[in-house]
Amino acid sequence: MNNYQVNENGYYGDFGGAYIPEMLYPNIEYLRQHYLNIMHEPAFQAEFQQLLRDYVGRPSPLFLAERLSEKYGTTVYLKREDLNHTGAHKINNTVGQILLAERLGKKRIIAETGAGQHGVATATVCALKGIECVVYMGEVDIERQAPNVARMKMMGATVIPATSGSKTLKDATNEAMRDWINNPLDTHYIIGSVVGPHPYPDMVARFQSVISEETRKQLQEKTGSETPDYVLACVGGGSNAMGMFYHFLDDEQVKLIAIEAAGKGVDSGESAATTLLGKEGVLHGSRSILMQTPDGQVVEPYSISAGLDYPGIGPQHAHLFKVKRAEYVSITDEEAMQAGLLCARLEGIIPAIESAHALAYLEKMNFTGKETVVVCLSGRGDKDLATYMKFFDL
Amino acid sequence: MPVNRLNELFARKNGPLLSIYFTAGYPEIDSTLKIAEALEKAGADFLEIGFPYSDPLADGPVIQQSSQKALENGMTVELLFEQLKDLRKRLTIPVLLMGYFNPVLQYGVEKFCKSCADAGVEGVIVPDLPMYEYEGMYKDCFSNNGVTNIFLITPQTSDERIRKIDQLSKGFIYLLSSSSTTGKNLALNDEAEHYFSRIREMNLNNPTMIGFGISDRESFRKAAEYTRGAIVGSAFVRILGEDNYLEKIDGFIRNLKSND
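Sequence lines, in order, name chains A and R. Those letters in the first sequence? Residues 0 to 393, by numbering that gives the first Met the number 0. Those letters in the second sequence? Residues 0 to 259, by numbering that gives the first Met the number 0.
These aren't lab readings, by the way, just hints derived from the structure by calculation. Hints should not be assumed to be uniformly reliable.
As the list claims (entries may be wrong) - Here are the simulated DSSO-like cross-link-like pairs (lysine-lysine), alpha carbons at most 27 Å apart as the crow flies:
#, chain 1, residue 1, chain 2, residue 2
1, R, Lys12, R, Lys247
2, A, Lys323, A, Lys254
3, A, Lys166, R, Lys40
4, R, Lys113, R, Lys88
5, R, Lys138, R, Lys33
6, R, Lys163, R, Lys138
7, A, Lys278, R, Lys88
8, A, Lys321, R, Lys110
9, R, Lys183, R, Lys84
10, A, Lys166, A, Lys369
11, A, Lys254, A, Lys216
12, A, Lys106, R, Lys256
13, A, Lys152, A, Lys216
14, R, Lys84, R, Lys33
15, A, Lys278, R, Lys68
16, R, Lys40, R, Lys221
17, R, Lys138, A, Lys278
18, R, Lys33, A, Lys166
19, R, Lys183, R, Lys256
20, A, Lys263, A, Lys216
21, A, Lys263, A, Lys106
22, R, Lys113, A, Lys278
23, A, Lys369, A, Lys323
24, R, Lys68, R, Lys138
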């Protein structure tokens, strides 16, 4: 059997590792030594499962989208992560990490955020646990995502603008790492995606794997089989996709499709299609695939969807791409926006623009009519209303 | 192989050593060698020339801004080696290159080491290339080209890990004054002094230098009580942002080294 999981040295094939300065080594090493033990403790699992159920609202439904199915001539299920508390899959990870941080004895939480979804999910669990929360957010994003900034503040988080570099997600991540370097003892860094140094990609993937764990059970009930033919999910850093793929990785007959943001087109110079445009490199502590100049400077990506606007992908995705276990494709702004509108019209569900990228790929597939397709609806579109309004002149 | 200038310096020189960091291509694209020459003339004992990166996560605002400006000026690893072709015609003191791993990886690690050797660069400091990756993948590239890799340690680094770093090091070990990004002032508290003493008592094979947070004569002198000397970065880079910076270098170095 192929191994798609991390090895004992923190690598997925050629990707992963912990490319961090020595200042972060003790923290990362301590986390590496303890994360699995803590996650396997019965008391941890009991509390985690209880919070996922009573606070997040899990299991999230697996919804048979009949009108979309009819349109595409096959059977389409939507995994409704949009119905989670705070409106996206991000909270699965922050609930897990806050419980871990408590057990590591940390008194202060830091996080990075782009669109603000992970920042909100972090501020939420910090409020729940009464732990100090500092969120780094690019100055440009703070202006673009005012409602999420207000949500974080309302829940007691301090939002610090990242003013370095391009003032967006990657710079917010740099600032969070700098904070951790300067506060190594009392602080835990809740990374929001399957990126960063080992063990973060593995840890976040495990917390998000509840998505595919539930999907298998739900499919069994609804179709009599635990496995679908296709699984689709959008990829920025890749956390909802990794959670959606996780328990299907070893079922090689299940086709996994990861949808990246092509922005204004892959060749337009304004894109976030990392696997197409990127090369192997090191950013934010791991070796992966990265959009960069020939000189190794990281390029600022573009997508209409702030959650897919990241110049890299998680190392496990880089591995799945390289060994061709998953297919990586891309969808433009225009295609995603149309798919978002279509989902609203046909199913009465307004998806996050991120998730609309995954829906848009249905349009490009050829179906015989007998397939079962699961699309991860990673978040709801409330946060994107202003963008939808502007785009469709609503 | 010629005698490594760095080892020779540590063996030969008594008294505290002063190393200066500055970013290549800052403030001007062609200022790199002019600054290096001025530093040698003013009495710096060795130099760390930074090659800029878009995401310098171990650096504070001063060095971040110098990197950003250097990139805007057009500095690349390729161009830096081009500029360093005449290094050994113009400078005698040891020179190290310092920067993040991704630009090195894209240039090619083997080629990078070879270019260092060709230019007469003694070693490199790559803060985000950890010991495990260095030892497993790149150690031979460095040693085959006679280029030394300098490791960092912090107050949180375990004794066991320090011993291992000591074994892998040839040159010196870079002691961070505290766990911090660059450009903060050295806190001369009991904790820091306890850490410096602990390292001194470990009797390592390699000499040590203190960096991060050394900004003035007092902190330089304090650092030299415990180690062979210190590295000044942000405080010097700040001078380079001023008018007539070349003329100010001499005074800056003499002030740091003076005994008054």
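Against the structure, the hints come out as follows:
Taking the CA atoms of lysine 12 of chain R and lysine 247 of chain R, the gap is about 26 Å. The hint holds against a cut of 27 Å. Note on lysine 323 of chain A and lysine 254 of chain A: the hinted pairing holds, with a Cα-Cα distance of about 10 Å set against a maximum of 27 Å. Using a Cα cut-off of 27 Å, the hinted pair lysine 166 of chain A and lysine 40 of chain R is violated, with the two alpha carbons roughly 39 Å apart. Distance hint between lysine 113 of chain R and lysine 88 of chain R is fulfilled; the C-alpha atoms sit about 18 Å from each other, no more than 27 Å.
As the CA atoms of lysine 138 of chain R and lysine 33 of chain R are separated by approximately 32 Å, the hinted pair breaks the 27 Å bound. With a C-alpha separation of about 14 Å, the suggested pairing of lysine 163 of chain R with lysine 138 of chain R holds against the 27 Å cut-off. Our distance criterion of 27 Å between C-alpha atoms is broken by lysine 278 of chain A and lysine 88 of chain R, whose separation comes to about 37 Å. Using a Cα cut-off of 27 Å, the hinted pair lysine 321 of chain A and lysine 110 of chain R holds, with the two alpha carbons roughly 25 Å apart.
The hinted pair formed by lysine 183 of chain R and lysine 84 of chain R fails the criterion: a straight-line CA distance of about 34 Å is larger than 27 Å. Under the criterion of a C-alpha separation no larger than 27 Å, the hint pairing lysine 166 of chain A with lysine 369 of chain A is inconsistent with the structure, at around 47 Å. With a C-alpha separation of about 18 Å, the suggested pairing of lysine 254 of chain A with lysine 216 of chain A holds against the 27 Å cut-off. Taken as a hint, the lysine 106 of chain A and lysine 256 of chain R pair is broken in the structure, with Cα atoms around 42 Å apart against an allowance of 27 Å.
For a cut-off of 27 Å, the pair hint linking lysine 152 of chain A to lysine 216 of chain A is broken: about 38 Å separates their Cα positions. With a C-alpha separation of about 14 Å, the suggested pair lysine 84 of chain R and lysine 33 of chain R falls inside the 27 Å cut-off, and the hint holds. A distance of roughly 25 Å separates the Cα atoms of lysine 278 of chain A and lysine 68 of chain R; the hinted pair therefore holds under the 27 Å criterion. Between the alpha carbons of lysine 40 of chain R and lysine 221 of chain R the distance comes to roughly 24 Å, so the proposed pair stays at or under 27 Å and holds.
Of the pairs offered as hints, the one joining lysine 138 of chain R and lysine 278 of chain A holds, with about 23 Å between alpha carbons and a cut-off of 27 Å not exceeded. Of the supplied pair hints, the one linking lysine 33 of chain R and lysine 166 of chain A is violated, its CA atoms being roughly 32 Å apart against a limit of 27 Å. Between lysine 183 of chain R and lysine 256 of chain R the alpha-carbon distance is near 20 Å, which keeps this suggested pair within the 27 Å criterion. Between lysine 263 of chain A and lysine 216 of chain A, the direct Cα distance comes to roughly 38 Å. Violation of the 27 Å bound is thereby established for this hinted pair.
Taken as a hint, the lysine 263 of chain A and lysine 106 of chain A pair is broken in the structure, with Cα atoms around 43 Å apart against an allowance of 27 Å. A threshold of 27 Å between alpha carbons decides the hint, and for lysine 113 of chain R with lysine 278 of chain A the separation of about 23 Å falls inside it, so the pair holds. For the hint linking lysine 369 of chain A to lysine 323 of chain A, the alpha-carbon distance of about 24 Å falls within 27 Å, and the restraint holds. Taking the CA atoms of lysine 68 of chain R and lysine 138 of chain R, the gap is about 32 Å. The hint is violated against a cut of 27 Å.
In the structure shown, a violation is registered for the earlier hints numbered 3, 5, 7, 9, 10, 12, 13, 18, 20, 21, 24, in ascending order.
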